[in-house]
Amino acid sequence: MSLLEISLRSLAALAAVLVLPLVAGQAEHKVMAHMQGRLGPMYAGGFHGWAQLVADGVKFVQKEDITPAAADRSVFRLAPAVALIPYVIAIALLPIHPGLAAAEVPGSVLLVLAVIGVGVLGTLMAGWASANKYALVGGMRSAAQLLAYELPLVLSVASVAMAAGTLSLAGVVEAWTPWWLVWQLPGAIVFLIAATAELQRVPFDAPIADSEVVMGPWTEYTGLRFAFFMLAEYAGMVVMGLLFGILWLGGWQGPFAEQLGWLWTLLKGALIVLLIIWIRVSWPRMREDQLQRLAWTVLVPLALAQLALTAIGVVVTT
Amino acid sequence: MTGLDLAFATTGLITAAAAALAVTTRHVVHSALWLVVTLLGLAGCYLVLGAELVALVQVLVYVGAVVVLVIVALMLTRAPIGPRAEHTTGPAHRVLAACVGAGTGGLVAAVLLPTAARTPVRPGGSEELARQIFSTWVWPFELLSLLLLAALVGAFAVAGLTTSQEGTR
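Order-wise, the sequence lines are chains A and B.
So the first sequence is numbered by the working numbering: it starts at 1 and just counts up by one.
So the second sequence is numbered by the working numbering: it starts at 1001 and just counts up by one.
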């Protein structure tokens, strides 16, 4: 692989991280507004407020970059990057078309899970380094939540990897059959719930709930650093949506997969992102103890049961 | 000196430097964060040596879970910003710790260095690793999980989460 190709692939991944979250954010603005019977942003850019997020970005750039006097400066400044970079790496690993991913590695399923796990550190660093009690409480909440939901997330993905008999995302897509929609359904539900919790989105947004802990770990952030956290959240939504589409909905599989594979992958990912937005509009926030109970008493046993079911299926069919 | 040698030396140096910083810094949370860098560097070493699966599991388990647990424990107890005096130790302790560290390091080096020769690297794919774990090493593997389970139950007992002595707690 030449240097030019490497830089082209890196640039493509970076562009995906910069563009897809904006599309998801705009979709959230409009979908949420219509679900709640209102209009949403309508003026910026003319047609249905399409430039609202661009305007938000310009606003973020103009804001003063403040580091609180009592904060741990280096950790505070580093935290947004630690939160965002894992998702850049994760998006680079997702195969969107037969034989096409920005970075092809053998164990990509594990690598995606590993880098998503590292993203937690950014939130923790932000929560601790801000020297703010709301940030600290939010940081602790998010740490407890992310630790609890990491396990069902990994277990449900492990089930798919076991069913496909490979640790490569592209291999999983190739092994996928429509029959999986039934066979892997419990694991898919577990993954969707755990992914929503991992992204700290409603109804799992207790760590950053503005009516409880101001903005949690992000309380002290302004300007571009705050925008980075928001970007990380939406990039995470895109990554989780695409990952769901690739693992459970067969990625590029569909009519004319040779030509239109990328379209199917993106459509399936977009469907899941819409679902995550829909969940946000539909459910009220869960309390801390309810969150923990859901993770440990419902999702983990369900994921383990799915793992056993997958094992039986694999043994019977091979 | 090939590119791989250079990459291994770089990751090794980063790992060693971060490890040294992790034990010498006076900020407790910084220590945990340097530990993250150390573990990532170690994962890089594994990766350079061709053991991708071990490297990925290292990141997933140690950085993603164990270090996060350490940081949460620090936040729950007391981890204020800035250097702390109560965590620093006197010169006697430092000399003693350096002696123990040097002793352990020397012991490991004495055992490992004589065996350091050019050995053919077995292809360490995930299939080969799985076959080894679940055939040759299955009993140590299961015993380890039993040990962890015992530790978990013990932690519950120590934390007083048993319901038998409800009144006396």
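The set of hints was computed from the structure by calculation and includes no laboratory data.
You may find that some hints are simply not true.
Claimed, not checked - Short, incomplete list of chain A residues facing chain B, as computed with Cβ under 7 Å:
| no. | residue |
| --- | --- |
| 1 | 11 |
| 2 | 14 |
| 3 | 100 |
| 4 | 114 |
| 5 | 124 |
| 6 | 140 |
| 7 | 170 |
| 8 | 171 |
| 9 | 203 |
| 10 | 274 |
| 11 | 296 |
| 12 | 304 |
Beta carbons: idealized from backbone N, C-alpha and C, even for Gly.
Against the structure, the hints:
1. 11: Violated. Min distance 23 Å.
2. 14: Constraint on residue 14 of chain A not satisfied, violated at 21 Å.
3. 100: violated (21 Å)
4. 114: holds (4 Å)
5. 124: holds (5 Å)
6. 140: holds (5 Å)
7. 170: With a closest approach of 15 Å, the residue 170 of chain A hint is violated.
8. 171: violated (11 Å)
9. 203: violated (22 Å)
10. 274: Hint on residue 274 of chain A: violated, closest Cβ of chain B at ~28 Å, above 7 Å.
11. 296: Violated - the Cβ of residue 296 of chain A stays beyond 7 Å from chain B, reaching only about 13 Å at its closest.
12. 304: violated (14 Å)
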